[in-house]
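Novice: Line order of the protein sequences matches chains W and Z. Everything in the first sequence is counted per my numbering, starting at 1 for the first residue and increasing by one. Everything in the second sequence is counted per my numbering, starting at 1 for the first residue and increasing by one.
The hints are simulated quantities; they were obtained by calculation from the structure and are not laboratory data. Think of the CB as a built atom: it goes at the ideal place given N, C-alpha and C, for glycine as much as any other residue. Watch out, some of these pointers could steer you wrong.
[Claimed, not checked] Interface residues of chain W toward chain Z, partial, derived using beta-carbon atoms under 8 Å: (1) F20; (2) L23; (3) L24; (4) V32; (5) L94; (6) K95; (7) T98.
[Unchecked claim] The following label-pair restraints were derived from C-beta to C-beta distances: (8) Z:L577 - W:Q56: 17 to 25 Å; (9) W:I53 - Z:G64: 29 to 37 Å; (10) W:L81 - Z:D153: 33 to 41 Å; (11) W:Q56 - Z:D153: 58 to 66 Å.
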Amino acid sequence: MTNIPMIIMLAVLGLVGVGFYALLATRNLIKVIIALQILVKGGLLAMVLAGRIQGQVMVGQSMALTAIVADTIVAVVGLALAVQVRKHHGTIDLKQLTKLKR
Amino acid sequence: MASTLILLVIGLSWLGALLVWWVGDKRSALQHALAIFFSVASGAASIALIFNASSSTVINLDAGGVFGQFTFVADGLGVYLAAIATVIGSLAVIFSVNYMHGEKGLGRYYAMVLFFIGGMAGLVLTSNLLLMFLFWEITALCSYALIAFHNDDPKAVAGGIKALIITQLGGIGLLAGALILYSQTGSYDFNQMIANPGIINPRLLSGMAFGCLIAAAAKSAQFPFFTWLPDAMEAPTPISALIHAATMVNAGVYLLARFYPAFEAVPGWKISVILVGMISAFISAIMALFANDLKRVLAYSTISQLGYMVFAIGCGGIYASQFHLLSHSVFKALLFLGAGAIIHSVGTRDMREMGGLGKKMPFTRFVFIIGALALAGIPILNGFWSKELVLEAGLTGGPVWAYAIMLITAGLTAFYTFRMVWMVFYGKPSEKHIHDAQPAMKVALAPLALGAVVAWLLAGPFASLLQSTLPAHNIHPASTMEVIVEVIKAPATYVALAVVALGLVSWWQRENLAGVSKAFKWLGTIAENSFGFEAVNKFIVRETQATAEELRDTQTGLLNWNIAGLLIGLIAVIIILVMGG
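Required output: the full structure, derived from the provided sequences and hints.
Specialist: Structural data, given as structure tokens:
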């Protein structure tokens, strides 16, 4: 019953599902960034899992480590942008931020 | 030896492009000097390359993976076109010293010109179809950038974009051809296909043949894609001479000539080529009759002369078409640079505001008339010999009606050429302050004028160069003397001369023929609207923009909707993977 890959797989699906649901549902820019973080964590787990299944544990883990670094930068830049957006437009509600359209 | 020279021809121009850019616009004298040095050096290398021509692959770079081998071949067709590109390129650069004096953005100008020269040489020297496509797009990019050089002028920018879009459309045809070649042979090297077209599935071969015809028609401004060339005349005049008369527009003719042995047997291909050439030559000659902008007249006549070359290829006259290409490059570059000297001095392109310039610009008049006579096909100038060869090829290899229309076009050519010369140099003088061509302009014009008079003496060596390095093209070697005798003996020559003379006489007698010209007024109205092709262009542009406006509604700008779309796509991919797996 205690099948570790199966548990990890469920965790991956759970994290990705929560991430996508949050992205679909939220209109708050901060929450969007948090949702992206959750989504990426699911992806990281999936990488480690794939490495284990393929028998290349090192490759999977090092890819995951690299992705963690990149992901942190994305989060920091995203938050900084959110602050700037709040300063310039006075809101972080996505529905009111559709100025890019025209 | 040949491999070093090829690298020098392409490398020197591109190195020059980088250096001129790097030097910066503050040191414009150094920029002029560097541009001249690198273009002339590259020209010298390409002339040396002519003496090292061979039909074997001389450079073989392993580009890896699907790109295969980037191969270069220095055969007759390639080396002489590379020589035209670099030599006329260096003359255009020399001319620019006076023409572009004091302009802003010289670095951008020279960098693009040199980048173009290298790209054009690469286009004709490579034997890898994918690499050829890349060079093809490099030349299109430079053409765009230089047409829109005066980027604060909306007309120039619009002309540049139009040229870019239409030549890109043709580029798709070439890319499709490259992919078909790769799928069938596993490499992009087209020489094995030219030697043995049977290795490609006949249906795919015919797709490739018509793809290349579309590519050639778009690049060489042939029917029905010719509308971009007149609008490209917003470019600085040395650019019109180099890119839109002497080199880039020849790429299409080169492509057809290069692949002729492979596509010859494709049903319907030859007659399509003949039709494209014939229609382009005829209708653009009519448009040239009615145009009043000096550069537009030259642009229409370029389309018309390119039509002659395409027509000759359709009739199987590879040698005739390439010889006419050589003649045309020389005399049309001469005419454009001459026109540049006139425009630089007068400050307008409208021929109705010129008139009587002959006395004030004797040197320009002298060289311009040499070029005009060559264009009209008057004996002993180079245009005469090559045009006669083209018409002879048409008589032996093509349908009679096509030959007849090409003959009429030769008469029209003489007519509009004399109209142009008359409107510019004779008639009532204007009151403006006019100066003759400046020194650097003269340096560029003189060799071209000499070339227009004597270039036909190269007919024999040129034929043997093509014959010895292009085994598949079936070109008969002939000495210059034999070519001369052949032309003089052929009755077709005298028919053509009579038609040309008729064109001249009807210009002379235009006062007495006023009734006739009145009867043709309706034709003028149609010609000024470019036979409805402008309207078709505008319709396509309008419809594309309207569709884009309609589709704008699908772009909500809301993140949630975009994520939903992404998710649906992801699920679709997973389903396909599961079903396929």
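Novice: Evaluate each hint against the coordinates.
Specialist: Now the hints, each set against the structure:
A least Cβ separation of about 6 Å between W:F20 and chain Z falls short of the 8 Å threshold, and the interface hint therefore holds. This hint holds: W:L23 has a C-beta 4 Å from the nearest C-beta of chain Z, less than the 8 Å allowed. For W:L24, the suggested interface contact is upheld, since its CB lies about 5 Å from the closest CB of chain Z, less than 8 Å. Given hint, W:V32 at the interface with chain Z, holds; its Cβ is 7 Å from that chain's nearest Cβ, closer than 8 Å.
The restraint placing W:L94 at the interface with chain Z holds, with a minimum CB-CB distance near 5 Å, inside the 8 Å limit. The criterion of a C-beta within 8 Å of any C-beta in chain Z is met by W:K95, whose closest approach is roughly 7 Å, and the hint holds. Because the closest C-beta pair between W:T98 and chain Z is about 4 Å apart, less than 8 Å, the hint holds. Restraint check, Z:L577 to W:Q56: a C-beta distance of roughly 21 Å satisfies the suggested window 17 to 25 Å.
Taking the beta carbon of each, W:I53 and Z:G64 are about 31 Å apart, inside 29 to 37 Å as hinted. A hinted range of 33 to 41 Å holds for the C-beta pair W:L81 and Z:D153, which are about 38 Å apart. Taken as a hint, the range 58 to 66 Å holds for the pair W:Q56 and Z:D153, whose Cβ atoms sit roughly 60 Å apart.
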